[in-house]
Amino acid sequence: MRRPSVLHLILFPLSVVMVTPLVWMLLVSVSTQAESRRFPPGLPSGIEWENYLAAMRDAPLGSWLVNSFVVSVVCVAGNLLLCSLAGYAFARIPFFGNRVAFVLMLATLMVPFQIVMLPLLIMMRSLGLIDTLGALIAPNLATAFGVFLMRQFFTTLPRELEEAARIDGASRLRTLLQVLLPLMRPTLATLAVLTFLQTWNDFLWPLIAVQSPDVMTVQLGLQSFQGAHTTNWPKLMAGTVLSQLPVLLVFFFAQRFFVRSVAAAGIK
Amino acid sequence: MTLDRRRLADHTAGWGFAAPAVILIGVFGLVPVVWSIVLSFQHTDLTSPGTFAGGDNYAKLVADPLFWDAARRTLGYVVLFVPITLVLALPIAVMLNQKIRGVVFYRLAVSVPLVTSTVATGIMFSWLANPQFGLVNAALDAVGLPKQGFFTDPGQALFAVVAMTVWGWLGFAVIIYLAALQNVPKDLLEASSLDGCGRARSFWHVELPLVAPATGFLLVWLTINGLQLFDAVYVTTKGGPLRATTVLVYHLYNEAFVSFDGGYAAAIGCAVFLIIGVFTLAQLRFNRRTSHYEVR
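Quick note, the sequences are listed as chains Z and P, same order.
Residues 1 to 268 (the working numbering) are what the first sequence spells out, left to right.
Residues 1001 to 1296 (the working numbering) are what the second sequence spells out, left to right.
These are computed hints drawn from the structure, not numbers from a lab.
All values reported here derive from a predicted model rather than from experimental measurement.
Ideal Cβ placement from N, Cα and C applies to all residues, glycine included.
Check the hints yourself; a few may be wrong.
Covered stretches of chain P, going by a simulated chain Z footprint (3 or more residues, C-beta under 8 Å) [as the list claims (entries may be wrong)]:
{"hint": "1", "stretch": "1034-1048"}
{"hint": "2", "stretch": "1226-1239"}
Taking lysine to any residue pairs in the SDA-like style, the calculated list, with each CA pair at most 20 Å apart, reads [unchecked claim]:
{"hint": "3", "chain 1": "P", "residue 1": "K1238", "chain 2": "Z", "residue 2": "T230"}
{"hint": "4", "chain 1": "P", "residue 1": "K1238", "chain 2": "Z", "residue 2": "P13"}
{"hint": "5", "chain 1": "P", "residue 1": "K1099", "chain 2": "Z", "residue 2": "H229"}
{"hint": "6", "chain 1": "P", "residue 1": "K1099", "chain 2": "P", "residue 2": "L1181"}
{"hint": "7", "chain 1": "P", "residue 1": "K1147", "chain 2": "Z", "residue 2": "R38"}
{"hint": "8", "chain 1": "P", "residue 1": "K1099", "chain 2": "Z", "residue 2": "P13"}
{"hint": "9", "chain 1": "P", "residue 1": "K1186", "chain 2": "P", "residue 2": "I1100"}
{"hint": "10", "chain 1": "P", "residue 1": "K1238", "chain 2": "P", "residue 2": "F1260"}
{"hint": "11", "chain 1": "P", "residue 1": "K1238", "chain 2": "Z", "residue 2": "P4"}
{"hint": "12", "chain 1": "P", "residue 1": "K1238", "chain 2": "P", "residue 2": "V1184"}
{"hint": "13", "chain 1": "P", "residue 1": "K1099", "chain 2": "Z", "residue 2": "P4"}
{"hint": "14", "chain 1": "P", "residue 1": "K1099", "chain 2": "Z", "residue 2": "I10"}
{"hint": "15", "chain 1": "P", "residue 1": "K1238", "chain 2": "Z", "residue 2": "I10"}
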């Protein structure tokens, strides 16, 4: 038998520290008001499901979740389609101005969002998109990062693949859709995961682009919920749990894959 | 002739494929940069058309003590946040790279904050650090230390934000380091141990230099994100108490959406952009000088 490693003595307490905030959020979300306001804090005596019902009654959590879902899914679809097309063009087609366009696009990656958001707000207002989900979708429909990621992966594919398809008479679009994209499922999935997380957790842009409660995303809604319920911790925690549940579930089931995505995107 | 037609076909196909993304990124990513610079030379509330202001906004910026305070706080934040995250992440990544039982659980625990949104993180930490009945104060109390104010104490709030964001970003840094460590060729480590290197020495002389590109990337990435700190402050302290956490982007937000001085906010934005640009270039140059190794 192998002896247990001494590293457990460091890693176990560390893990406890890392998960404590989340575990405690769960515990407070099923505590009574009184239990959440005692010192020192302790475990709840029973499970107070009422907090969850109260959170859903007091806030349109359902429609916030739907809004976040719509924005994230549309942005994921937009990025998968538009970034694949553009990435392929930049990797394979020698077209007029491709280098200038690519460099200018990469330059936008260096720009902090704070410098973009004020004109973006004016633009959205004149497009009539302010305070609609459209304002949250339009700027994130295609990202320079996505185009860059796709281009990098297209350049690693052997040219023979598409040449064979082209000789057989397939158009560029058909070659891309039927021959190349099926080979790039891991890359597409990486782009999808990262886009989803980014739009789902985005805060600053929704904060300034959206005001009405019925168009808020779940992050923004949760923040306004926090402002309104600073004294009722169990209810606030129940709302927080509900808002985080979708991403946490995805994360637990696709953890390996997710970690690979982050590493790939970070290092490439 | 056929060659020319082929080229024309390339141009149209290329632009046909690239245009949707390029136009969207150009309109929403590039045009606003130029526009922001224009705004910074205007008096504008962002709703009605602005008037030309010359260098007024930049003159205001230079003379604005709140701007310099915010800049100092932002720098103070970055100087704590980036090194702490890096120094914690590397040893954790090295430990998680070992073949020990339960490593999957440990990796999960370290990376779960990655998917937790800043708003949720802020709510959780506000409760943990609650001055009256928070868990952290309970821990302090248990070892006989007095209760602290954390987010509500002007002297501690920025440190509380540092702790919270380190918690949020640690998993990211660990994942990046893990990926780099897994690329270190096993035979190099074997060779060094055959040559009599202990575990510590082979870490110091083999692994550390080989993960230098990852360190360089994280240094740039964490600094850029640290300089843009906003969400974590908004959801915990709203820049307070007593402006103790009013960092640059928070100051920008205040000027644009509380004081409605859009032109001045744009000028602050340009300053932030400049600071980020200078930092990034300096670090990239430094990284190029220090990392000679690359593992493919």
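Which constraints among the numbered hints does this structure fail? Numbers only, ascending.
4, 5, 11, 12 and 15
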